[in-house]
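Engineer: This is what each chain is made of:
2 protein chains.
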Amino acid sequence: MSLRYALLALLTARSMTGYDLAKSFHSSVGHVWHAPDSQIYPELRRMEGEGLLEGTSTQRGTRSKTEYSITPEGIAAFRSWMAEPLSYAPERDPAHLRAAYFEWTDAEHAAEQLRAHRAHYVAMREQWQAQLESILDHSHPIVSHRLTVFPPSEWERIVAFKAFTYEGLVARADHEIRWADKGLRLVARLGG
Amino acid sequence: MSLRYALLALLTARSMTGYDLAKSFHSSVGHVWHAPDSQIYPELRRMEGEGLLEGTSTQRGTRSKTEYSITPEGIAAFRSWMAEPLSYAPERDPAHLRAAYFEWTDAEHAAEQLRAHRAHYVAMREQWQAQLESILDHSHPIVSHRLTVFPPSEWERIVAFKAFTYEGLVARADHEIRWADKGLRLVARLGG
DNA sequence: AGCTTCATGTAATCCGTTACATGATTCC
DNA sequence: GGAATCATGTAACGGATTACATGAAGCT
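If you're matching them up, the sequences are chains A and B in order. So the first sequence is numbered by my numbering: it starts at 1 and just counts up by one. So the second sequence is numbered by my numbering: it starts at 193 and just counts up by one.
Simulated from the structure, these hints should not be mistaken for laboratory data. For clarity, every value in this text was computed on a predicted model and none was experimentally measured. A portion of the hints provided could be inaccurate.
Now the in silico label distances, taken between C-beta atoms and shown as ranges [to be verified]:
{"#": "1", "chain 1": "A", "residue 1": "Glu84", "chain 2": "B", "residue 2": "Glu276", "range": "50 to 60 Å"}
{"#": "2", "chain 1": "A", "residue 1": "Ala76", "chain 2": "B", "residue 2": "Asp373", "range": "27 to 37 Å"}
{"#": "3", "chain 1": "B", "residue 1": "Arg237", "chain 2": "A", "residue 2": "Thr12", "range": "41 to 51 Å"}
{"#": "4", "chain 1": "B", "residue 1": "Glu348", "chain 2": "A", "residue 2": "Ala116", "range": "22 to 32 Å"}
The beta-carbon is built from N, C-alpha and C at its ideal position, and this holds for glycine as well.
Sequences and hints are given; from them, build the entire structure.
Structural biologist: Here's what the structure looks like:
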């Protein structure tokens, strides 16, 4: 359900073809809300059908591409989603589920899982940190373009909320890394 | 996919009827991996069909109940899942997605979301903390029963890994609470 | 001549969500 | 007599995953 709002968010800054949108998506909001292309294209179609987007197809030789722009109804839908209370999905955490039963495997396997957990969040942390830095110094292409289409009075808010978001994610990654390290020490102490 | 392993985990300690299993589930593993009854019952059937569980139906008047016990194949499946590397689901975080675009709503709505985020994790923290305490002092009914069926040499590991799991979740809740507080200060500073 | 990028998807399947359904028994 | 608990589910739907598919244009 959030996918469409992530797409609308991008389209508030500029119109794009499905392909460009998918690319922008992967290099920005996609770090917070992942979706594969195979979900993006059909969703754009559906949104067009519901009047949230307007699509203009252009032919170029045999190939066609569709440029999507957000409609006033799309903006209204995005705004009303923004004001709606969020509902929190019930917890479903495979890594912690695993960890709770580590006594069912040996020290080596348990340590391996924890190293994988650590590595995963180190990689995520890197991505999020890179996003954060490019947001703060305005070098992020999507954010910097957004600043050109909105008045300077909004710039601080635009940047601050995105920075706040990614700072939260970086801190979360740090927490997961610390948790994995603690687990590794525990496994080492308890042995196999 | 994890649901069945969460169910197997419970059944490694004792056989139970579907109903009792569902109840145990909600008061233990369910805090890490949520599932509604409507998912649990059919999953048990499927697992029985695959030979991971053995079900014995007993009639009591007009009603019947099925007692499930884990089979050797079930134990093997659980062990092999425990040794398997985990695959990490791509990030999909509605709260952070929202926060990234707070400039699209007013200070009051943004603050409201952050207060809801905070309240959600305060409630989760309480649950996780309660689990943690009852694990550490062995008053948790499911854990304490587990200790009676496994040799004392395993007790330390059984308890330590569960405590480690819930400590991680408590710390995560703390992090989310701090993030929300930081957001509230930011919203207050930037105004509406 | 071959690799990357452009430009789109379809199909099958699975997992999970939501809402609804039923009726007996035991405890107060 | 009424509420809580026992004891199960089914049905419909929706979102996400995985694998696969196609083929041209442009750059080296």
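Engineer: Give a verdict on every hint.
Structural biologist: Hints, verified against the model:
1. Roughly 39 Å separates the CB atoms of glutamate 84 of chain A and glutamate 276 of chain B, a value that falls outside the hinted 50 to 60 Å.
2. Distance hint check for alanine 76 of chain A and aspartate 373 of chain B: the Cβ-Cβ separation is about 31 Å, which falls inside the suggested range of 27 to 37 Å.
3. For arginine 237 of chain B and threonine 12 of chain A, the Cβ-Cβ distance of about 47 Å falls inside the hinted range of 41 to 51 Å, so the restraint holds.
4. Taking 22 to 32 Å as the suggested C-beta distance range, the pair glutamate 348 of chain B and alanine 116 of chain A conforms, at roughly 24 Å.
Of the hints listed earlier, the one the structure fails to meet is number 1.
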